[in-house]
Amino acid sequence: MIGIYLIISFIISGVLFFNRSTKLNNILLIVFLLLQCVFTFYEYTHLNVFELQFFKPDALGILLLMTLTIVGAAAIFHSHLYIKDHQENPRSKGIYFSAMVMLITAMGAAYLSNHIAVTWIFVEITTLSASALIYHHRNERSLEGTWKYVFICAISVTLIFIGILFLSMAMRQAGSTDLTFDNLLVKASVLNVFWLRLAFLFIFTGFTAKLGLVPMYTAGIDAKDKAPAPAGALFATVLMNMGFVGIFRIYVVISHTTIFAWTNSVIMIAAFLTVFVATVYMVKVKNIKRMLAYSGIEHMGLVMLGLAAGGIGYYAAILHIILHAFAKSSLFFQFSQVYKIYQSKSIYDVGDYFKYNLTGAMVILIGFICATAMPPSGLFVSEFMIFSALFKAHQIVVLVLVMLLLTMIIWAFGKNIFKLLFTPVEDFDDRHVPKINPLHSLSQFGLIGLSIYLGLNPPVQFVNLIQEAIKNLPH
Amino acid sequence: MINVLLIVLLISLLYLSIANRLLTYIKILAFQGVILFGVALIELSEINTVNLVLILLETIIVKAILVPVFIKYIIKRNNITREMEPFIPNFVSLIIVTIIIVITILLSNSITDTHLEKISFIVALSTLFTGLFIIGTRKKVITHVMGYLVIENGVFILSLAVGNEMPLLVNLGIMLDIFASVLILGIFVNKIGDVLKDVDVDQLRNLKD
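Line by line, the protein sequences give chains E and F. Using numbering that gives the first Met the number 0, read the first sequence as starting at 0 and increasing by one per residue. Using numbering that gives the first Met the number 0, read the second sequence as starting at 0 and increasing by one per residue.
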């Protein structure tokens with residue numbers, strides 16, 4: 000099935016690229032979404048069955064694939080509105096949707112891949128398609144964003160490749176040349192520890208560009224800022240999850256070796272620095288979209304803290320990335336409505352949003368509550384578990400510091416969001432404010448609702464999948 | 000023989016650190032491509048012929064001819080001035096690259112893996128870090144691209160170390176090479192030159208907080 004999926008998706012992407020007719024464009028997108036749904040369902044019913052030798056839909060892959068399908072469908076819907084509003088010419092529209100289909104396909108394949116080199120190939124493809132999306136507006140700023148993103152991602156992809164080379168050297172001692180994650184897991188105890196250490200450092204650093212951790216998070220911020228908001232939503236959620244998959248799978252292998260404690264401290268340091276950097280920028284930033292991007296960085300820092308803490312933290316980390324994907328993407332989708340009204344991203348130019356777009360303002364308000372993990376947000380549950388995992392791991396100092404930083408983040412985030420929602424803005428000419436159809440916000444409410452529901456009352460299958468995903472980690 | 004080639008590559012890094020003109024950089028890149036051709040030819044003795052030919056063609060055609068010609072074309076087209084414009088003096092660059100080499104030698108001496116071919120490991124790592132160093136300390140965006148290409152060369156040597164057992168990885172490395180060169184240089188030749196004349200990093204400072 001994955002072979003068929005990849006072939007059809009790439010064909011659709013190719014046709015979209017050259018197609019100039021609006022009707023065909025819409026039909027192709029609907030076909031792609033149907034295919035994506037069928038594919039997700041098929042893989043869910045074929046859990047842990049190898050396909051094409053390199054792909055295995057394991058529990059983590061399935062969970063993230065479902066997230067991708069839901070967020071991706073919403074992203075295509077909002078892209079459709081976005082393109083319609085901007086009255087793009089058929090050519091740039093074709094490139095946009097072609098790149099988006101390619102991006103979604105590559106991410107789906109990267110989730111399911113069981114071979115580190117195959118994951119790596121799809122990571123490269125996401126860089127390529129993401130750069131086309133970032134460069135959508137073809138002006139100087141978006142060029143700068145694209146250039147930085149491409150360059151940093153090229154370096155990080157190279158670093159991952161070096162990591163894979165070191166991994167193969169670690170495998171050489173075990174007398175095997177098979178780099179599938181399953182095989183690595185079996186051979187974990189006989190891997191050469193020195194090479195494995197180097198391999199982890201390089202692979203981890205490389206994937207941080209996608210995941211958005213210190214040290215390579217910078218490119219992602221510019222990308223989320225300069226890309227159209229629906230594409231930014233994908234970068235800020237499911238693309239980050241792809242980075243998580245890469246790190247998580249190698250982490251599972253390392254958890255069976257003697258360097259596990261060392262790995263945890265490396266992750267802990269990177270994660271803490273990430274939360275710190277996110278705090279510094281959240282307090283300072285004046286661009287709403289970049290603020291949302293930094294909030295995503297903060298959440299990824301928390302996820303990795305949960306992973307490093309262990310125990311219930313593993314469960315919480317996976318729950319957190321899924322819920323975060325739903326909550327954050329809805330905020331990004333809503334941002335394009337905000338931009339439509341104020342024609343600005345700066346916090347100084349916006350205000351009194353309730354007056355101009357009631358439904359949109361509701362999305363922002365509830366989305367804010369979700370993104371800062373206040374009850375009844377589902378993220379509250381996962382964040383609470385991460386904190387208790389840190390407590391149980393005796394990382395009290397880290398816990399206290401992170402909580403202080405989070406308080407500052409909530410303050411900064413809230414200050415800006417409430418300015419946007421309630422404070423009337425001076426000399427804003429509201430005679431030409433466009434009316435926004437409340438129905439366009441429906442999918443955003445759906446996403447937020449999902450993030451609340453899955454956190455507070457997770458279905459049994461969902462819990463089982465998460466448990467299955469972390470079963471290879473030590474308890 | 001292979002050690003001689005690798006050490007020549009190492010020396011070319013030192014030359015790279017003091018080179019003053021873009022053209023010299025391009026020549027060194029082409030030269031490194033030729034050396035990598037030789038290294039691959041000798042090293043990959045157990046690999047099947049078709050694959051070997053592919054790898055050799057990649058080194059000699061892409062690394063040694065196409066990419067340098069292409070960069071030259073970009074420089075001409077965008078009227079980029081020929082000086083390097085480093086942030087630090089050449090003498091300091093030379094010292095830092097030497098330190099990088101010494102550190103990698105010390106590092107590899109501390110490894111007790113019998114499979115390890117030390118010289119190629121040292122050369123690979125030094126090339127890698129020199130590339131990163133060049134990216135960090137040169138002003139022009141086109142030199143960043145060249146620094147990246149130097150990194151790629153280092154990765155190529157590293158991948159040769161496991162090439163006989165896992166030819167797949169060498170092929171992936173080549174894929175990375177071509178992919179990244181096309182993507183990065185492609186953006187460069189099409190766009191940056193048109194929008195930003197005589198690009199240096201000072202012009203890439205609009206996106207910030």
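Don't read these hints as lab results, they were simulated from the structure. Backbone N, C-alpha and C define an ideal beta-carbon position, used for all residues, glycine too. A couple of the hints might just be wrong.
[Stated by the list, open to error] Distance ranges between label pairs, derived from CB positions:
| no. | chain 1 | residue 1 | chain 2 | residue 2 | range |
| --- | --- | --- | --- | --- | --- |
| 1 | F | N47 | E | F383 | 28 to 38 Å |
| 2 | F | V49 | E | N25 | 53 to 63 Å |
| 3 | E | R90 | F | K75 | 48 to 58 Å |
| 4 | F | I98 | E | V37 | 36 to 46 Å |
| 5 | E | P89 | F | L93 | 34 to 44 Å |
| 6 | E | L400 | F | I98 | 54 to 64 Å |
| 7 | E | I7 | F | N47 | 29 to 39 Å |
| 8 | E | I258 | F | I98 | 48 to 58 Å |
| 9 | F | N50 | E | I7 | 22 to 32 Å |
| 10 | F | N50 | E | P473 | 54 to 64 Å |
| 11 | E | G174 | F | V101 | 27 to 37 Å |
| 12 | F | L105 | E | I258 | 33 to 43 Å |
| 13 | E | T422 | F | N205 | 23 to 33 Å |
Structure-based check of each hint:
1. Between F:N47 and E:F383, the C-beta spacing of about 56 Å breaks the proposed range 28 to 38 Å.
2. A hinted range of 53 to 63 Å is violated for the C-beta pair F:V49 and E:N25, which are about 44 Å apart.
3. Roughly 29 Å separates the CB atoms of E:R90 and F:K75, a value that falls outside the hinted 48 to 58 Å.
4. Separated by about 57 Å at the C-beta atoms, F:I98 and E:V37 break the suggested range of 36 to 46 Å.
5. Between E:P89 and F:L93, the C-beta spacing of about 54 Å breaks the proposed range 34 to 44 Å.
6. A hinted range of 54 to 64 Å for the beta carbons of E:L400 and F:I98 is inconsistent with their spacing of about 35 Å.
7. Range check, E:I7 to F:N47: about 33 Å between beta-carbon atoms, so the 29 to 39 Å window is met.
8. About 28 Å separates the C-beta atoms of E:I258 and F:I98, a value inconsistent with the hinted range of 48 to 58 Å.
9. In this structure, F:N50 and E:I7 meet the distance hint of 22 to 32 Å, their C-beta atoms being roughly 30 Å apart.
10. F:N50 and E:P473 have their C-beta atoms about 41 Å apart, which leaves the hinted 54 to 64 Å range violated.
11. The hinted range of 27 to 37 Å is satisfied by E:G174 and F:V101, whose Cβ atoms lie roughly 34 Å apart.
12. Judged by the Cβ atoms, the range 33 to 43 Å given for F:L105 and E:I258 is violated: they are separated by roughly 22 Å.
13. Checked against the given bound of 23 to 33 Å, the beta carbons of E:T422 and F:N205, roughly 28 Å apart, stay inside it.
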